[in-house]
Structures are given as structure tokens and as C-alpha cells.
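*Asks:* Each chain is listed here by its residues.
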Amino acid sequence: MATISAEHETGASVQDAAPEAVVVRFAGDSGDGMQLTGGQFTLSTALAGNDLATFPDFPAEIRAPQGTLFGVSAFQINFGSQEITTAGDAPDVLVAMNPAALKTNVPALKPGGLVIIDTGEFNKRNLEKAKYDTNPVEDGSLAKWDVLAFDISALTLEAVKPFGLGNKEALRCKNMWTLGLALWMFDRDRKPLTDWLNAKFAKNPVLAEANIAALNAGHAYGETAELAGPLKKLHVDPVPSEPGLYRTITGAEAVSLGLVAGAQLADLPMFFGGYPITPASAILHNLVKMKEFGVTTFQAEDEIAAICAAIGASYAGHLGVTSSSGPGIALKGEAMGLAIMTELPLVIVNSQRGGPSTGLPTKTEQSDLYQAVYGRNGDAPLPVIAARSPADAFECAIEACRIAVQYMTPVMLLTDGYIGNASEPWKVPDPKSYAPFPVSFLEQTNNPEGKVLPFKRDERGIRPWIKPGTEGLMHRIGGIEKGIDTGDIDYAPNVHQTQTDARKAKVDSVAGTIPAQDVCLGETSGKLAVVGWGSTFGPIHQAVRRARRKGMDVSHVHVRHVWPLPANLGDLLKGFDRVLVPEMNTGQFKTVLRDQFVIDAVPLNKVSGQPFAIGEIEDAIATFFDGIPGHAEGEVPVNETQLPTPEA
Amino acid sequence: MNDMTPIQTTLKDWETDQEVRWCPGCGDYAILKAVQRTLPMVGADPKNTVFVSGIGCSSRFPYYVESYGFHTIHGRAPAFATGIKLANPDLDVWLVTGDGDGMSIGGNHTMHVLRRNLNCQIMLFNNEIYGLTKGQYSPTSRAGTSSPTSPIGSVDRPALPCAFALGSGARFVARGFDVSKNLPEVLKAAYEHKGAAFIEIFQNCIVYNKDVFNDFAAPKGAEDRQLWCKAGEPLLFAKDTKGLALDMDTLTLKVVDVVNGDWQGAGVMVHNPRNRGLAHMLVEMPFGPFPMALGVIYDDPAPTFESAVVAERARLIEGKTADLGKLLSKGQTWTVEEKDAAHGLMD
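These protein sequence lines are chains A and B, in that order.
By the numbering used here, the letter at position 119 of the first sequence is numbered 119, and the numbering carries on one by one without gaps.
By the numbering used here, the letter at position 263 of the second sequence is numbered 911, and the numbering carries on one by one without gaps.
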């Protein structure tokens with residue numbers, strides 16, 4: 001084992017006793033199993049009672065060429081004894097499984113942080129692939145960090161030797177060795193891991209035993225190495241939280257469960273039409289396993305067929321749902337217009353990713369807001385809801401189902417790659433605590449004098465839902481403009497005016513059944529409101545909290561109902577002198593706020609494919625309070641060193 | 649088709665109060681009547697019948713049939729039909745499409761609804777032209793078709809809808825034409841087939857492609873160029889003076905003369921709708937040297953998509969109960985006790 005003493009005096013040290021929160025990043029080759037390691041570490045952390053947030057960051061290639069800078073896969077977890085709302089800014093601990101992982105991730109490590117290196121991978125070939133001229137473990141370039149460098153590959157091979165695995169298979173256990181070490185460092189129980197390995201390799205007990213041996217060896221290494229170097233066992237106290245039953249949940253799981261719960265509350269079978277696309281596919285994978293809840297899944301031939309089949313199912317009396325990411329949502333646009341025109345319920349989930357075009361399939365962005373709110377031909381309004389976190393996605397999915405069936409309209413639910421993949425502890429809700437919203441279909445004619453009137457609106461402006469198969473209510477619907485009440489083809493000027501107005505009024509009226517906008521941190525008026533939507537919740541919340549501790553008069557407002565906006569939002573924001581809108585796009589929600597309320601909303605934008613760091617938003621808030629004459633408020637260059645990208 | 653009890657209806661019961669908006673003399677009128685004749689014949693129930701269409705002249709069809717109807721978007725009718733049928737397999741679903749809607753913009757969906765074998769009837773009205781957009785050539789237009797977008801004649805090679813259907817795995821392929829008195833019989837066979845039934849209906853667009861099928865579909869004098877395929881009967885045409893035989897050297901069909909009714913002697917083949925190889929040859933034989941093959945060319949049922957989906961679901965949910973509370977708390981969980989709990993936010 002080689003260790004290098006850190007030549008630093010300041011900075012957060014991982015050796016502090018009982019820290020409030022620790023950020024750990026596992027980084028390796030995309031074939032090294034880093035996402036798996038991170039996922040299992042997350043589970044152990046949750047079971048230890050810490051609050052946590054994670055950020056999986058992996059390349060779009062399934063197996064990028066080994067050892068390359070662009071093939072690095074990383075998993076970051078922030079856990080602690082207080083409420084955690086972000087995956088953390090700079091890691092305290094970095095585990096680098098090869099030179100490429102070190103090169104792309106070590107700049108983000110806190111000064112004085114700990115880096116654990118597998119020297120077994122620091123050979124000439126891998127150093128060249130990572131574009132290192134000299135070995136960083138030996139050339140002193142890591143001096144501002146604590147370095148623990150040892151041959152994890154060899155130690156793993158030694159640990160699994162008794163099981164007679166081939167060299168390649170044996171080396172696959174490296175991630176478990178590393179995990180064992182991490183579990184030791186943070187005083188985690190190994191039992192959930194060994195249970196999981198035994199279940200995973202039930203058909204191949206030798207592999208289970210080998211992986212458990214690697215895990216135990218890594219753990220034991222921690223025990224023995226403690227005295228020899230900077231490695232210190234850390235205990236992070238459990239977070240105080242409400243009593244109850246908890247589990248960890250990713251956004252994709254939460255959306256799937258929320259859709260099932262929503263369909264149950266509506267007392268409807270659900271039809272889910274999907275076409276595989278990153279990062280939305282996980283929802284289809286999950287729902288396939290939930291068919292006992294009246295779920296039918298359909299893997300369509302393309303995105304268009306997926307939404308069209310969902311609309312067909314809605315027409316036949318199911319709750320139609322489709323899901324995709326930006327490029328697929330673009331393809332679905334025309335069909336959304338048909339659902340708006342025929343006034344059929346539909347839920348469309350968009351797991352946003354970086355765009356335009358194929359863009360950044362595995363990276364996160366919030367740049368589909370315009371597409372959601374405005375992105376169809378004609379005057380085609382539909383309600384849009386945005387989830388702020390993995391757990392919040394559950395509530396949002398239920399809300400999307402409710403609005404869809406109560407207003408006979410398609411509804412779009414926005415999440416993003418970050419929410420979809422990240423996990424957090426979730427207090428399991430009691431399904432009975434949700435008010436049901438059962439649907440009633442028209443069974444008897446609404447026009448005893450003549451033929452049924454499929455577009456006769458009730459006092460709320462909603463048309464009846466009529467299932468084919470109902471005696472005596474035969475009628476025709478379609479995408480051509482339709483006559484008042486009858487639904488027969490009619491595009492007389494006054495008819496189109498009336499129907500367009502009615503469709504708009506209907507969607508606007510959704511604002512009447514959504515909660516008033518609250519302030520999630522701070523006062524309801526004052527100097528500055530930081531307004532966010534979607535997955536920026538965590539960094540905004542922490543930044544506002546820190547700024548308030550420094551005495552700044554700043555509040556955090558986080559909007560779930562992006563369209564229509566809550567009825568009180570305009571007045572609320574006008575109670576603040578200034579409004580700052582941080583977004584992972586070039587200013588889309590800012591435009592909506594300016595347009596709807598004629599307020600001077602100041603944008604703060606980041607489109608690097610990485611979530612905001614708390615510090616970035618904190619710096620932007622500070623510009624409103626620093627009193628520097630001529631200082632452009634809110635304009636803070638995004639700190640590019642927070643989460644560096646490969647130079648390759 | 650479905651397995652419901654047959655219902656007594658008349659042609660009138662299937663007419664709506666809507667004014668039919670096709671050009672006077674359009675072949676679509678005759679097809680509409682043929683469908684409205686077929687539905688009482690097969691005992692269809694209006695409340696369980698759904699006509700689904702895309703966009704184009706033919707796709708206005710649902711508005712004129714007194715049943716449930718959904719006029720959707722261009723080319724996508726098969727996808728809507730799939731959702732409808734999976735949501736309620738008891739519905740009788742008819743698709744109405746055209747050569748543009750079904751073979752061009754919606755070609756992908758046509759392929760997949762056929763390979764999946766969704767139980768429905770797919771009527772593709774082939775007029776070899778784009779009508780609703782005013783006369784541009786279509787994917788079935790013959791090379792050299794003059795149109796606003798091909799002023800000196802189209803250079804595209806046309807697609808053969810029935811060959812496409814067979815290639816996509818269709819288990820029922822038939823052909824008819826708008827004014828043929830046999831059309832209701834063909835539609836009846838399609839209805840009675842369990843699975844996706846593909847019917848190409850040659851349709852005369854009297855405005856943009858007038859009489860383009862007259863060589864075999866003219867009201868008088870073209871009968872000799874029609875070959876109506878009937879199961880178990882010899883493949884004869886031209887008043888039984890000619891037939892189709894297999895050329896053993898080239899493994900292709902050939903036209904042979906039949907003298908004094910001795911078709912066996914002439915080697916004429918007997919039509920077997922389960923013979924997929926024969927079906928391929930019948931739909932691809934070039935018109936001119938050969939007659940136009942009409943009627944039920946291929947009919948060999950296979951399990952339907954919706955029945956497979958229902959069976960798959962039954963297998964997946966076997967032994968499971970729909971307990972939402974249990975689902976939500978799946979996986980590894982932990983409990984925070986009252987004594988451990990403190991208070992949420994710090995501010």
C-alpha cells in the first residue's frame with residue numbers, strides 16, 4: 001500500500017468525528033459495476049437511517065471502450081444526519097478504479113478529501129488511455145488530497161482464489177471488495193448486502209460466495225489498514241425523521257407506482273404504451289411487473305404508435321398512459337393534439353434529457369418546458385406538472401391521473417434523467433390516505449329528444465366519457481373541428497372560435513382544483529424569491545437555507561403546476577422585490593413567468609448536463625445583496641470545475 | 649370479429665344522418681354500401697362495432713356508419729385499433745385506410761398490426777393516387793403516372809399492398825374492387841377470419857385517376873381478366889377457358905388453355921387458401937399476361953395478438969393479489985420509531 005501525506009492545512013477532512021453529511025463518489029470504467037456498487041451502498045446507507053440523495057452519472061455507450069475517459073461511469077451519494085436534498089457538490093471521498101476515473105473525477109474532490117485508488121489498473125496502457133504522461137500516484141500531482149493507493153485488483157484475486165473463478169470473473173468481484181471497504185468506513189451493516197448477493201446469485205452459489213468473500217475482504221482491509229494511514233472509520237448519525245415505514249425509491253419507480261395508484265383511485269384499468277428510450281424505459285420495465293393492478297403494457301413499434309394505442313385505450317375506457325424522453329415526445333406531438341381535440345384523458349410522462357435532437361441521452365436537463373407547454377400545432381393547451389424529487393414523482397403521477405380523468409384532457413408529467421435514476425428515502429404512504437376520484441362513464445343518453453351528444457359540456461365545461469360497447473350511444477369522434485354538442489364535423493367560423501375558447505377555458509380551469517402556491521422556505525414577501533420547478537429543488541433549497549443563515553432576505557418558491565400556474569402565483573411573486581429563476585435550460589420557465597405575470601424574472605441557467613451545485617445558486621443569490629454598484633444581479637458564471645467532463 | 653350473439657339488423661340500421669361528402673361517382677360510395685350490406689349478413693352488433701380510420705378520402709368512412717367510430721391521424725389507425733382492442737377485446741374493429749395512409753405515412757403500423765395479428769378487418773382502399781391532397785402520385789401509382797408532383801410521369805416503382813401484407817406475416821389476404829357484386833362475400837370472409845384480415849379494395853378515383861382499373865374492373869367486358877379464387881376450386885378464368893398451372897421448370901405460375909372443361913388435363917391448380925407460397929405467386933403475378941387474382945387469396949388463422957396478451961397477463965399475475973399497500977412497501981424497508989424521530993427542516 002502506498003500512501004501520500006496530504007500537504008494541506010485547511011478544508012473539510014473526512015477524519016472529523018461524526019460529520020453531518022458526507023459525499024462519496026464511486027468512479028470506474030463503465031464495465032466495473034459502479035452503478036451497482038453505488039446502488040447497494042445507497043441501500044445500506046438508507047438502512048442505517050441516514051437521509052441521502054444520489055447522482056448516477058454514466059455514459060450513453062453501454063460498454064464504452066475500456067479505460068477511456070469517455071467510458072467513465074460514476075455514482076455519487078450524499079448522506080447525512082440532516083435532511084439531504086441534493087447529491088452534494090464536491091465529494092469528500094472518491095473511489096477511482098482506473099486512471100481515467102481518477103482524471104475525470106479528482107478535480108471535483110474537496111481539498112483534503114480522500115481518494116482511494118486501485119493501483120492494479122494504473123499500468124502503462126491505462127495511463128496512456130487516460131492521457132497521463134506520468135503516473136499521478138507517483139508524481140505528486142495528488143498532493144492536495146489524502147491518497148490511499150493499493151492494488152485492489154490483486155487483493156480481490158487473492159480473496160476469491162478459493163472459489164476457482166477465471167481471472168476475468170474473479171476481477172468482476174472488485175466492486176464488492178471496494179464496497180466492503182466503503183461499508184467499513186461508514187460503519188454500515190454488511191448483512192443486507194450478503195442477503196442481496198445470495199438472492200442475486202441463487203442459481204450460482206459459488207459466485208455468491210466469491211462476491212461475499214470479496215466484500216468481507218474489503219471490510220477486513222479497512223479494519224487492518226486503519227492504523228496505517230489516513231483511512232478512518234466514520235460514523236454518520238441517523239437523520240431525525242418522521243416515524244413510519246421507509247424505503248428507498250428512484251423517480252422511475254415513483255412514477256410507476258404513482259400511475260398504478262392513480263389508476264386505482266380513478267377505479268380504472270390502465271393501458272401503458274411505450275417505446276424504449278433512455279432514460280424513460282425504466283417506467284415500462286416496472287409496469288410490466290404490476291399487471292395484477294389491471295395494467296396492460298404495450299411495447300409499440302415506435303413512439304407514435306405508443307401514444308396512439310394509449311389514446312385508443314382511453315377511447316375504449318382505460319386510463320391511457322405513454323412515456324418517453326424529449327425526442328420521443330416530439331414524435332408524439334400530433335397525437336397529443338388529437339387527444340386534446342377529442343377530449344380524451346391521457347397521461348404523458350416526459351423523462352427529460354439533454355437536447356436538442358439525440359443530445360445527451362444519459363445526462364439531465366430541464367429543456368423540454370417549452371415543448372410541454374407550447375409544443376403542438378394549433379391552440380393546443382394541456383396541463384403540465386413537474387416533479388421535484390424521486391419521492392415527489394409519486395404524488396405528481398397521482399395528480400396527473402386525477403386531472404386527466406376529471407378534465408378529459410391529456411396531462412404531461414415532467415421528470416428528468418436525474419430524478420428518474422436518483423434515489424432517496426421515502427416514507428411509504430398509506431394508499432387509504434388519498435381521496436379517490438372515481439370516473440363515471442355515460443351509460444344513458446344525454447339527449448332524450450334525439451341522438452347522443454358526445455360533446456355536450458357540463459357546467460365545468462367537460463364532455464362525457466362514452467365507451468364503445470354502450471347500448472344506444474353510438475357516435476363518431478375525430479380530429480376535425482366539431483360542432484357544438486354533436487361532435488359532427490363542422491368548421492364554421494363561429495364553431496371553431498367557440499370550441500377553441502372552450503378547450504382553453506377547460507385547461508385554465510384546472511387552476512381551480514390545484515393547491516395555492518406555497519413558499520417552501522422563507523417569508524411570503526421580501527427582497528428576493530428564488531423560483532424553481534422540477535429537480536432543481538434540492539440545490540435551490542440548500543442555497544436559500546445557507547443565504548438565510550447569513551441573514552439574507554430570500555425565500556424559496558417551488559412550482560409543481562407549471563401549466564396552468566397556481567392562481568395566486570402572480571400576486572405571490574409580485575410581493576418580492578426581485579425574482580431569480582435557476583433552471584437547467586436557457587431560461588424557459590423564466591419566459592413563462594415573464595409572459596404570464598409581466599414580472600422581471602432574472603434567469604440563472606446551466607446546461608452542462610449536470611445538476612446545479614448549491615454553491616452556484618448561493619453565489620447568484622449573493623449578487624442581490626452585495627450592494628456592488630452596477631453588479632449584474634443573478635448573473636453568475638456557472639462553475640465548470642464542480643463536475644468536470646472528460647477532455648477526450 | 650368477436651364471439652357475440654348475432655344481431656338482426658338491416659342495411660338502413662348502419663346508415664348515419666351525416667351527408668356523405670365524397671365526389672359524385674367515387675368508388676367509396678359502392679364500398680360503403682358493400683360494408684353496410686355485409687354487417688347485417690354477419691350479424692354484427694352496432695354497439696360493439698368500431699370503425700377506425702386515419703386521414704384521406706377513405707378515412708371519412710367512420711362518419712357514415714352507424715356504430716362507434718374514430719377518425720384519427722394520418723397513417724396511425726392500426727395503433728389506435730391496437731389500443732382499443734387490447735382495452736376491450738370484445739369489440740369488432742374495422743380499419744379503413746388508403747394507399748397513402750396505409751402504405752406510405754402509416755406503412756410501419758400496417759406492417760406491425762399484421763405481424764402481431766390483431767383481430768380486426770383492414771380495408772385498404774387502393775386508388776393509386778392521393779385524392780384529398782389533389783392528385784399527387786401515391787406509393788401504389790404505376791411508374792409513369794402524371795400528377796402535379798410528377799409532371800412528366802412518376803419514376804417511383806409501386807408497392808404491391810397484398811405482397812407487403814404477406815411479407816409482414818398477414819394470415820388473411822383478399823382482394824376486391826369497389827363495384828364488384830362479390831365484395832360483400834369477401835368482406836364476410838374477412839370478418840369471419842380470426843386475426844388481422846387484410847383486404848385490398850381497388851377503388852376508382854373518378855377525379856384524379858379515373859378508370860385506372862378498367863382493364864379488369866370495367867362494368868362490362870373485363871370479366872375475362874378477373875380470376876376469383878375459391879377454396880377447393882380450380883383457378884380458372886375467362887369463362888373457364890383458361891387456368892393457372894405451375895411451371896415446374898421455373899417454379900412460377902403459367903396461364904394454360906382449358907379445352908372442353910378438362911382443367912385437370914391442363915394441369916390447373918386447385919386453390920388452397922392455406923398455401924402461402926401460392927398466395928405469394930397469386931398476388932405478385934403481373935397483370936396483363938396474367939389475370940387479376942381476386943377474392944380470398946390467403947386464409948390461414950393463427951393465434952391473435954389480444955388473446956396472446958390476455959394469456960401472458962394471466963401467467964404474469966398468477967398467484968398475485970392487487971394489494972397497493974404491499975406494492976408500495978416492496979423491497980428492503982426500515983422503520984423509524986417515535987422515540988428516534990425528531991423534526992424535519994432546520995429553518
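Simulated from the structure, these hints should not be mistaken for laboratory data.
Backbone N, C-alpha and C fix where the C-beta goes; we use that ideal spot for every residue, glycine too.
Mixed in with the good hints, there may be bad ones.
[To be verified] Simulated coverage check for chain A against chain B, where a stretch passes if three residues somewhere in it have a Cβ under 8 Å from a Cβ of chain B:
#1 39-52
#2 175-188
#3 289-302
#4 307-318
#5 354-364
#6 473-480
[As the list claims (entries may be wrong)] Subject to a maximum C-alpha distance of 30 Å in a straight line, what follows is the list of computed DSS-like cross-link-like pairs (lysine-lysine):
#7 B:K660 with A:K467
#8 B:K660 with B:K902
#9 B:K782 with A:K467
#10 B:K660 with A:K291
#11 A:K451 with B:K968
#12 A:K291 with B:K968
[Said to hold, decoys possible] Sample of chain B residues with no beta-carbon within 10 Å of chain A, all distances over it, derived:
#13 K695
#14 K733
#15 D738
#16 Q784
#17 A811
#18 E833
#19 A870
#20 E871
#21 T889
#22 G909
#23 E932
#24 K968
#25 S977
#26 K978
*Asks:* State the violated hints by number, sorted upward, taking the hints as numbered earlier in the document.
*Replies:* Violated hints: 2, 5, 8, 9, 10, 11, 13, 14, 15, 24, 25, 26; rest satisfied.
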